[in-house]
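Taken in sequence, the protein lines are chains Y and V.
Under my numbering, the residues of the first sequence are numbered 4 to 448, in order.
Under my numbering, the residues of the second sequence are numbered 519 to 713, in order.
In short, the hints are calculated from the structure, not lab data.
Just to be clear, a hint being listed does not mean it is correct.
[Said to hold, decoys possible] Which stretches of chain V does chain Y cover? Using the computed rule of at least three CB atoms under 8 Å from a CB of chain Y, they are:
1. 523-532
2. 566-572
3. 578-590
4. 632-641
5. 688-694
[What the hints assert, rightly or not] Once the Cα atoms are required to be at most 27 Å apart in a straight line, the calculated DSSO-like pairs of lysine-lysine come out as:
6. Y:LYS344 - Y:LYS303
7. V:LYS608 - V:LYS681
8. Y:LYS313 - V:LYS527
9. V:LYS527 - V:LYS585
10. Y:LYS40 - V:LYS550
11. V:LYS699 - V:LYS608
12. Y:LYS40 - V:LYS585
13. Y:LYS290 - Y:LYS313
14. Y:LYS344 - Y:LYS313
15. V:LYS550 - Y:LYS31
16. V:LYS699 - Y:LYS7
17. V:LYS608 - Y:LYS31
18. V:LYS527 - Y:LYS36
19. V:LYS531 - Y:LYS40
20. V:LYS527 - Y:LYS40
21. Y:LYS313 - Y:LYS412
Beta carbons are placed, not taken as given, at the ideal position from N, Cα and C, and that holds for glycine.
Listed below, chain by chain, are the residues.
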Amino acid sequence: MSKKLNIEELVRIRLDQAEITPSPGAWKGVQRKLRVKRFLRFDPGRFNLYHLSGLVVAGAVAVVLLSRDPAADGSATIRNPSTQPAESGVSSGEPAPGQVSPEADGNQGKGGLKKNRKDVGKIEGNHSEGKHPAGREPYAGEEAGEVTGEQHPEGTKEDARAVPQTLVTYFTASSLSGCAPLQVRFVNTSMNAVSFTWSFGTGETSSEASPHHTFGEPGRYTVTLRASGEDGMSELYSQVVEVFRVPVAGFEIEEGLEGPDGVGSFELMNYSTGAFSFAWDFPGQEKEIWSSNEFQPSLKTGEIPGQADKIRLVATNSQGCTDTAVMQIPVAAGSTARELKFPTAFNANHTGPSGGTYRPNDLRIDIFHPHFTEVPAAYHLQVFSRMGEMVFESRDIYTGWDGYIREQKAAGGVYLWIAEGTWENGSAFNMKGDVTLLWSDRRWP
Amino acid sequence: MNLLMRIEKEILKGCIEGKSSAQKALFDTYAKLMLGVCNRYASNIEEAEDVMQEGFVKIFLHIGEFKGDGSLVAWMRRIMINTAITYYHKMRKHRYHDDLEEVRESQFEDQDWGEAEFTREELFHVIQRMPDGYRVVFNLYAVEGYKHREIAEILNIDENTSKSQYSRARRWLQERLIRIKQSETSPKRMKDSNE
Numbered sequence: 004m005s006k007k008l009n010i011e012e013l014v015r016i017r018l019d020q021a022e023i024t025p026s027p028g029a030w031k032g033v034q035r036k037l038r039v040k041r042f043l044r045f046d047p048g049r050f051n052l053y054h055l056s057g058l059v060v061a062g063a064v065a066v067v068l069l070s071r072d073p074a075a076d077g078s079a080t081i082r083n084p085s086t087q088p089a090e091s092g093v094s095s096g097e098p099a100p101g102q103v104s105p106e107a108d109g110n111q112g113k114g115g116l117k118k119n120r121k122d123v124g125k126i127e128g129n130h131s132e133g134k135h136p137a138g139r140e141p142y143a144g145e146e147a148g149e150v151t152g153e154q155h156p157e158g159t160k161e162d163a164r165a166v167p168q169t170l171v172t173y174f175t176a177s178s179l180s181g182c183a184p185l186q187v188r189f190v191n192t193s194m195n196a197v198s199f200t201w202s203f204g205t206g207e208t209s210s211e212a213s214p215h216h217t218f219g220e221p222g223r224y225t226v227t228l229r230a231s232g233e234d235g236m237s238e239l240y241s242q243v244v245e246v247f248r249v250p251v252a253g254f255e256i257e258e259g260l261e262g263p264d265g266v267g268s269f270e271l272m273n274y275s276t277g278a279f280s281f282a283w284d285f286p287g288q289e290k291e292i293w294s295s296n297e298f299q300p301s302l303k304t305g306e307i308p309g310q311a312d313k314i315r316l317v318a319t320n321s322q323g324c325t326d327t328a329v330m331q332i333p334v335a336a337g338s339t340a341r342e343l344k345f346p347t348a349f350n351a352n353h354t355g356p357s358g359g360t361y362r363p364n365d366l367r368i369d370i371f372h373p374h375f376t377e378v379p380a381a382y383h384l385q386v387f388s389r390m391g392e393m394v395f396e397s398r399d400i401y402t403g404w405d406g407y408i409r410e411q412k413a414a415g416g417v418y419l420w421i422a423e424g425t426w427e428n429g430s431a432f433n434m435k436g437d438v439t440l441l442w443s444d445r446r447w448p
Numbered sequence: 519m520n521l522l523m524r525i526e527k528e529i530l531k532g533c534i535e536g537k538s539s540a541q542k543a544l545f546d547t548y549a550k551l552m553l554g555v556c557n558r559y560a561s562n563i564e565e566a567e568d569v570m571q572e573g574f575v576k577i578f579l580h581i582g583e584f585k586g587d588g589s590l591v592a593w594m595r596r597i598m599i600n601t602a603i604t605y606y607h608k609m610r611k612h613r614y615h616d617d618l619e620e621v622r623e624s625q626f627e628d629q630d631w632g633e634a635e636f637t638r639e640e641l642f643h644v645i646q647r648m649p650d651g652y653r654v655v656f657n658l659y660a661v662e663g664y665k666h667r668e669i670a671e672i673l674n675i676d677e678n679t680s681k682s683q684y685s686r687a688r689r690w691l692q693e694r695l696i697r698i699k700q701s702e703t704s705p706k707r708m709k710d711s712n713e
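For reference, chain Y alone in the conformation it holds in the complex (with noise of 0.2 Å):
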């Protein structure tokens, strides 16, 4: 509970996951609403209104054809658009289905008008919900005008050799979901077409005959190939590509408190969003150094590997998408993370040598020490005079000089230092600088 939320935490946290009861009619509610959406929408195997007036429409076209040819039947060419290259021998060999069609002349009509509602249920099948709330219909009322208008010219339709042309409409791709942006490379397998006009369900179209498309946005997208025979017939088919939302991963590196043993820690912040899954690790590291996939891991500076200067966050979502972050870390914070730090002066105490030692979080000011984040594995401290005689050396970072020359004062001003040594990681460090000896009897609080 100690932990605190910035706004966007709290609410997601509390809310996301949040569940509330409904009223007690609610489910009443959706089985009335669902039996008068499913009236009005297009479903081969329920009655409903198109059923209705697809009664009626097969009635009049029934009567109309009964006193025409038989054989001008138009729903030769409408094609399953779920039809597979394979069937494609189809259009080759043998005759379209509705020439061959073994029903008797008084049924054609309503065959006909029965396989264009399939074909329609089909293709509403494929299509993402909601893109064309009422526009399921055109596909058949197009594609069947098209048909009946310039298909068959008198004398072809009694030789069923006589149409090898038929248009067949197909398309594979190299993907059908994925992760946004995806890049998705369109095959055309179109046999007999001339042109094509694809849309890509984003208002974007091509003419290409195998298109490359890229979808930026997450979605569900109807891809949507329209190609024309030389007669100028054309036809669709069309497949439905899914775009899925990718995560954001964002985080932000915060110091956190010094532990009891004085090391520091980093407190990873996590804002990802979108995602459900999180890796962190050190990016150009190895795995064992560490990582870790808690939501919000905390990170001992220790733990931090000398070449290591950035953290990466991998954020992933339900259908694997993922997202990453890299940080730099804190540089100020880093280099304190080990950081040795030497004062330029201090007051040496008056009343004798004291030997030096000091204890941990005791900072002294008449012993010249390093002040550090982190013991190092290995010391050397010297200190010369500005002759270059050395007038201390330690080896312990606990020891440092109380100004006394082999029990004698050393005389006051600058002094030079060299501290050399190795961190725990490894990582060595070589500094330098002065310090001025001070005798003062002014004693600071």
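For chain Y, the structure is supplied; the task is to place chain V on it using the hints.
Chain V in isolation, oriented as in the chain Y frame:
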């Protein structure tokens, strides 16, 4: 886990076949969660329930299109959110445009909150009182994780509008939450906010 998945599969199959019992089962399983989603987008619970019902109708009509490549819940949530947005578009035509309500520069610092600082009801209450435009943008960005570019497209607004709506929504929310907190800790000061 396995059993749950099997049951879900069974329900899903039934729904695809249009079985009323399966639809009821799906509704009973998820209605609460979905109402929770809708409630964030609505300005009151009745509206939320209306959206949820519409959403379920869509789900039943289109369940055959669910590919099974993501989770069913995620798919259902998406439909609920879309329905809520459609509802918002519809309502926007009728409702008074309070989206442009001037939010003065907040006198409050951006603040962090403890997870348990507000009850769920308090949070819902505040969110439902947000101006409609703020609420939609805030939900889409902060909870659903859409980008401003995407929100702009969904709501048919400018990307910058989405960004500024969002920052105002955030400020608006922040301010209300601080007020709630203040009124809880010092009930006396509740009324005279001039202090």
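Do the hints match the structure? See the list:
no., hint, in the structure
1, 523-532, "violated (count 0)"
2, 566-572, "holds (count 5)"
3, 578-590, "holds (count 9)"
4, 632-641, "holds (count 7)"
5, 688-694, "holds (count 3)"
6, Y:LYS344 - Y:LYS303, "holds (21 Å)"
7, V:LYS608 - V:LYS681, "holds (22 Å)"
8, Y:LYS313 - V:LYS527, "violated (43 Å)"
9, V:LYS527 - V:LYS585, "holds (12 Å)"
10, Y:LYS40 - V:LYS550, "holds (23 Å)"
11, V:LYS699 - V:LYS608, "violated (35 Å)"
12, Y:LYS40 - V:LYS585, "holds (23 Å)"
13, Y:LYS290 - Y:LYS313, "holds (14 Å)"
14, Y:LYS344 - Y:LYS313, "holds (24 Å)"
15, V:LYS550 - Y:LYS31, "holds (15 Å)"
16, V:LYS699 - Y:LYS7, "holds (15 Å)"
17, V:LYS608 - Y:LYS31, "holds (24 Å)"
18, V:LYS527 - Y:LYS36, "holds (25 Å)"
19, V:LYS531 - Y:LYS40, "holds (21 Å)"
20, V:LYS527 - Y:LYS40, "holds (25 Å)"
21, Y:LYS313 - Y:LYS412, "violated (48 Å)"
Hints 1, 8, 11 and 21 from the list above are not met by this structure, while the remaining hints are.
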